[in-house]
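Protein chains in written order, with our numbering: chain F, 1 to 325; chain L, 1 to 509; chain E, 1 to 271; chain G, 1 to 271; chain B, 1 to 457.
Hints are computed from structural coordinates only; laboratory data are not their basis. Idealized CB from N, CA, C, for every residue including glycine. Among the hints, erroneous ones may be present.
[Said to hold, decoys possible] Calculated Cβ distances over 12 Å to all of chain L for the following chain E residues:
# : residue
1 : R15
2 : D30
3 : P57
4 : R95
5 : G132
6 : R160
7 : S169
8 : P257
[Said to hold, decoys possible] Chain G is faced by these chain E residues, among others (derived, beta-carbon under 10 Å):
#  : residue
9  : S58
10 : G59
11 : S164
12 : E187
13 : S196
14 : P200
15 : N243
16 : V245
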Amino acid sequence: RDQIRIVGSSTVYPFTTAVAEQFGKTSGMKTPVVESTGTGGGMKLFCAGIGADHPDFTNASRQIKKSEFEDCAKNGVTDIVEIKVGFDGLTVANSKAGPDLTFTKTQLFLALAKEVPDKDGKLIANPYKTWKDVDASLPDEKIEVLGPPPTSGTRDSFVELVMDKGAEGIDSLKALKKSDAKAFEKVWKSIREDGAYIDAGENDNLIVQKLEANPQAVGIFGYSFLEENQNKIKGAAIDGKSPSYETIASGEYKVSRPLFVYAKKQHVGTIPGMVEFVKEYVSDKALGEDGYLASKGLVPLPGDDFKKTKAAAEAMETLKGDQLM
Amino acid sequence: MTDTAISAAPRRVSDNAALVAKRYRSERRFKLYGIAAIAVTAVFLVLLFADILVKGLPAFFEHRMMLPVSVSQEAIDPQNSKDPKIIRTGDFDGPIRESFRAMFPDVTSRGDRKKLLGLLSSGAADDFRAMVVNNPSLIGTDAKVPVLLSDDADQYLKGRQTGVAKIAGQGTITASADGEKFKLVTDKTPVLTAGDIVRLNGGAFRVVSADNGAYLAEQVTAPKSLDPANAGAWDIVRFTVTEHNRRIDDQEALWLEQLKEKGVAENGIAWRFFSSGDSREPELAGIRGALTGSILTLLVTLFLCLPIGVAAAIYLEEFAPKNRLTQLIEVNINNLAAVPSIVFGLLGLAMFLNFFGLPRSAPLVGGLVLALLVLPTIIIASRAALRAVPPSIKEAALGVGASHQQAIFHHVLPLAMPGIMTGTIIGMAHALGETAPLLMIGMVAFIVDIPGGFTDAATALPIQIYLWSDLPEIAFQSKTAGAIIVLLVFLFVMNAAAILLRKRFERRW
Amino acid sequence: MDTMIKTPVADSAPRIARERPLKIKARNVDVYYGEKHAINDLSIDIPDSAVSAFIGPSGCGKSTFLRSINRMNDTIPSCRVTGNIEIDGRDIYDRTLDVVQLRARIGMVFQKPNPFPKSIYENVAYGPRIHGFARNKTDLEEIVVTSLKKAGLFEEVKDRLDHSGTSLSGGQQQRLCIARAIAVNPEVILMDEPCSALDPIATARIEELIDELRQNFCIVIVTHSMQQAARVSQLTAFFHLGNLVEVGDTDDIFTAPKDKRTQDYITGRFG
Amino acid sequence: MDTMIKTPVADSAPRIARERPLKIKARNVDVYYGEKHAINDLSIDIPDSAVSAFIGPSGCGKSTFLRSINRMNDTIPSCRVTGNIEIDGRDIYDRTLDVVQLRARIGMVFQKPNPFPKSIYENVAYGPRIHGFARNKTDLEEIVVTSLKKAGLFEEVKDRLDHSGTSLSGGQQQRLCIARAIAVNPEVILMDEPCSALDPIATARIEELIDELRQNFCIVIVTHSMQQAARVSQLTAFFHLGNLVEVGDTDDIFTAPKDKRTQDYITGRFG
Amino acid sequence: MSGTYFAIMAALVLAGFFLGAQRARGVRGDQAGMLHSLPAYHGLYIAAAVLTVMMVIFVVGAPLASHYVVSQGLGAFDPSEVAEQLHRDAALRDIQNLIAGIYQGEPSDKLKAAAAAYSAASSLVYWGLNIFGVLAGAAVIFWGLGRITPELRARNQFERFVKYVLLASSGVAILTTIGIVLSVVFEAMHFFSKVSPIDFLFGLQWSPQTAMRADQVGSSGAFGIVPLIAGTLLITVIAMLVAGPLGLFSAIYMAEYATPRIRSVVKPILEILAGIPTVVLGFFAALTVAPLIRGWGQSFGLDVASESALAAGLVMGMMIIPFVSSLSDDVINAVPQSLRDGSYAMGATKSETIKKVVLPAALPGIVSAFMLAISRAVGETMIVVMAAGLAANLTFNPLAAVTTVTVQIKTLLVGDQEFDSAKTLSAFALGLVLFFFTLALNYIALKIVQKYREQYD
Ligand SMILES: Nc1ncnc2c1ncn2[C@@H]1O[C@H](COP(=O)(O)OP(=O)(O)OP(=O)(O)O)[C@@H](O)[C@H]1O
Ligand SMILES: Nc1ncnc2c1ncn2[C@@H]1O[C@H](COP(=O)(O)OP(=O)(O)OP(=O)(O)O)[C@@H](O)[C@H]1O
Ligand SMILES: [Mg+2]
Ligand SMILES: [Mg+2]
Ligand SMILES: O=P([O-])([O-])[O-]
């Protein structure tokens, strides 16, 4: 095989494909094949072994887990290079024709959780039909949220970054967390299934179109889609901060996550072009503040981080398991 | 028995005129239902095609500029090596950007420059590079090169972002600074509305609000002076979509308008759409990779299922003894013909990829899966074609002492061939449009390079359509529809060939 | 219309045609299938209350002319009929005539028995029902029973009227088709080789029935068997290559044919 | 094999069978189509250099027996033949016999002319070619021309041998089929109602040809026309409901049938 | 290796053919008709024999050969080093890389030795197999030439060979079915060992979120397919409500009323519709029809989901119109003309004849056409993937979003590939359900058609 193969996250996919294309154009080597399999699926394939049958890179919308790292090692995949490529803000957005929205995480939790505490702190099935039911400051519109399906890492992140934090903002649940962590976990991990939350598939583009057609609906997706479609949709502020390059890069906008690409160092030399591909990925032209990935919606790393990442990646420093969780 | 004469008085049909009228009404109504059903179907088809055509035709055009560029030795081939490999890595973007910037000498700030260059495609230099690589003697000369605009600029120029109206200024207009804003005063009845751009003295102002007789405006581009402008020296540019609902802002739109006015930006046929592979940039993306993948896949399919299908049909139609085995085969074929295609995808995934370890995303596997998928169709069509050859032909051959196989291979099969070909073409057309099973075997991937063999990674045309429909850039929507048009053209050609073949060789025995 | 009639029927009209009232009168009929000229300038008088037989070698146009009489040829797009056919003096190719009504007045029995794939009862009730003959169920039942009786089938099927018509034997099916035709009380019954698909016993049964029916109906029968024509008919018409060669009393035709071709045919010189 | 023969042929063998050498001998032949018993215990002797005709009402098994003679019935999976048929003393149902070679020795002409949709030349050349009769082109051409001449077709088609066989008229097609059968130089020619799809003139032409061919071939013809049997055959066999009712010299059968059923049939009492 | 072998094989097959034919011609001399079979058949006879023998040698020999080569290569290592499959693969890759000259770094002595053994073994095998093949092929040719006599039934022998080839070709259908069943059943069994079939078949909740990783969140995991079935049926019913009447009336019009000219226009229209890929229809459904329906619904104050079952169902209905119409057209045409004649002769109008005679007679065929159409609708994937949602709502409201079996299969497999979580395996269980459901429908439909055919044949 003389062609790089890449699998993994659908969130990182648009960026990696852009790099792959650029790489193919300028290096004179074959353009890498990029498949979107989801972060978890990508890890699984990536860790299945070394050799031409297994991919050389995997994209991930979260850091590799310790368990996955160990899995890799067991299969002989021991030299893994981690490249942190930037951030993705999870955005809650609606049509430009709709109202301007500002949410708190707790409001989002109340609107989307399967069970919410009632006045006495007892858990009941989510009774809220309109946003106004959740909080009087919100518009009097039906709750209709198009979001990622359970198969995606985006959904995982949303639940961890918004629902968990949102639940903690409620006193009775905070108490529950102390007394029964398991039960608490179940509360924030369960998204309502009565039709207010709609699994909208992986076709984020269709979600955008649907939002445009339906001004009351709200969608959840990665920042890059908001960036691409700013003429149609707008992002809601969460805990007072609107999603933008600046707020995400600076960490003010809290609902964001780092994105990674993992390389299999053992394939270097066997599969041509791996080093060059990494170089292209971390070049200023690509990952820099004005790089082409930024225009694709990737929120670049702040300057120092970027330099560090770049140096580490170009040196192909391998990952140590003990840094992982 | 004759004595059982009809006892009732003779009834005559015409007695009951009302009934007759009613029967005729119901007759007409019934016929109308049929016509209506066909009409509804036809209207649906027309809507479908119209929708796709409207969405897809822009995909076949692109906007580019012919820019004069100096092909500099330093930037491209400093060592004067004349080696295409080295030339290829030269800096082609620089000269183009320079030349483009030279068209807008007024643009000086870093931010504006960046914005201006953003109007160029990231592949703007591709054509230039190819030109020089093919013809190194250009180095050191000045050349006119085609420069591709970005997808957003292209969409704007195609009028797909906003409509533009340009109104010549009537009377005299005066702009004067008013704090951060500017005040515009005309001596004619008000013609301006909020959002209008007024261009005067080389600058541009966006009207913000009307202020009894005068207008409040913000500066978009700085004018050379604030002298009053007379009729003819100023104009109004009015967009149908407000700025914040566009991906091209007013400033960029004005630049593009200038390009248009200078006649630099031209709309040409996007041959690139047919000659390049997939890309993340809509303006660069093409269907050649997917088309090649489809063709490779179909070759595998055809190569497998035509001989196997025809052989199976001959066996079943002519040689199969009536026993359990052949009955089983028959039932199997009929059932396979109706097994959902996605289940064949599961077969490909579990058998070809996981069990036999064939490569992912390969036309070989795609072809195998599709071959199994269309095999029943071809067998059934071939059997029908064989059956349509009258037995008298076979008997005639047997009668002069031909063996059963001779009778079939010399007489029946050649006569059935048009029918078999028709069935095969229709089966292939079906395979060409099939998507779901290919998704299952990894043919859904981002693949730029044109596949060169049966085990290279490849996608297929319908998968490309599915992938593009998923991408965020709006320009991909028309690419999707454009690819659909190409796919449909192929299908029509195939179906038309099948119909012609059928017509041409239709025999009434 | 009479102006159109060019060829008057021969003065020496057959005896039977003189004895019985005239039912069907055809003058200068030509029938084409597209280019093919299937019937050539045919004129004939067919009497009521008698059986008329059309005989002739295969493809000579017997069926074609028979089907022109109830305009069944209308269903063949390429078929074109010119000339003049009258029933009871009414031109049946008149534009104002309702062909659906015409066919109700002219029953037809086909070569292969073609009962509808419905019950025996429904087969017979079909015609009366679509023409609104019966005001209620009893009425209808009466019509069905009478028709079956007339067709000589009632006794054989009376306790299985709800069985499918296709479950009967060939001869029974053909009688069912006759009952079905009778049920709408037609004036003419056309039969196109009604016995050719039947065995000799069933054939005999049908021939008997035809003989009975001729009391009340004008019957026209096409047959490829000269013997059958001789047995059941009173008038015989001999067709050859689209021409009506000779018409006459059956006895005369078979004993003293006037035309050479008729003679050759009935002596088995050809066909 | 002779032990199997239960019914010896009647002593009073037909005259023609005594005059000519025996070609085909059938004893106790039964044919079944699945459950259906189509031929019942049939025994017959067919002489060489003569025309034998099989007559009888429709469905009586004439074609079935004819097709048993060149084992064309093998192509019908449900068909089963028992008993013994010999040609020139060789059992044709013997396992070691190559049926393809057998059929080359027994030509067959079908009811509907069925030329191959190829050129006239190719139609005739096909048989010689697959049997490797000709070593070169001239050889083959000679065979084709001779066969066409024998079939009386050559003069009519000699300057369009490359035209399609299907472009000929019905009678010509049938003669082409005869030429095709002759071309492999068979010993027996079986003809299943060869004229039923033809007009009287073409029929006469074929009958004439049959008469000529009988000098060199053993010809068996099935016909539904008693007249035709009378005209062309020397031996006639009358079939009825799967039984061979009567065999005899044609003149005898038509003038003095022995069996009541034969008599009824030829006088038109049934059929 | 195989390339050379097949080239040799092709050459020997050709040689066998020509030599055989030549020899037969020699035996014949100039006595035409003396040979049992034509010379060409003698050639084909030998060619077929060569082909068979050499194929068998390859099919048996190639795996043996590669096994031998691998064992020679790995023999240089300690058995413990290459006990595990994974290590074996890695070692092999190293060996091959070394031989190909693309090995990175300094190879160990062991590896060098292994590579040497490996390449020695592979060249031995390469020559061995090829030479053996040539010898065997030549031997077969000699044997065949010796057998050529005038009596040799070369044609019969060759035809027997052809017949086996034909039989084998039709056996592919059985292999396919077995392949489908195997590939689906094993994974499905795996799944049922994790989730009880009862819960699967009768559960009212579908939410396939078992933990993909040990530490993943949101792993409630409910695998009840009732909502999927309900969603599938809802969309199918909508589709049939569209396709049933439109298809049937089109068929009636085409078969009974249309002149040949109209037919020649309308038939291609329906064929075009039948040929449109479903991904195209899905694009149309998602981007054009769904928003349209939503817009209309809202103008009537209805609450329409953006991925309504109605939109997917309508477009799917359009897709299956040609199925219904062409199958119905066939059965209506199969009704014998004599029945129509019988009815016309009674004085029935055309529509009466159609309604009271033709349609009842064609009913079984039409029913089975509908069943085939239903099975199409149930198995259709792309339209619903693009236009129907993923929300497993148990509802019969056509304006709501539902999901289907095929959508779930596609989502579960293309989203994340993993072969041991219940989530991924459930796709195969769904595949199994789909397979048997459509199988049953088709089987019944075919039986009905067969019965119906018998009625008229
Ligand atoms: N639908 C048709 N289209 C064209 N030609 C037709 C059609 N029906 C009949 N013919 C031709 O018209 C001629 C007369 O046919 P017709 O069926 O009336 O003959 P017939 O005397 O009834 O013969 P048979 O005894 O075989 O039934 C024949 O040459 C026949 O080929
Ligand atoms: N392939 C078959 N399968 C079953 N039964 C058959 C088959 N062929 C003929 N028969 C039956 O065998 C009997 C004899 O048929 P055969 O064709 O020999 O009659 P025939 O005398 O040639 O009649 P015809 O004059 O109509 O050609 C008939 O009852 C027929 O229905
Ligand atoms: Mg007729
Ligand atoms: Mg016959
Ligand atoms: O593809 P994911 O980034 O959602 O795992």
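Worksheet item: Can you name, in rising order, the numbers of the hints this structure does not satisfy?
Response: Of the numbered hints given earlier, those the structure breaks are 5, 11, 12, 15 and 16, listed in rising order.
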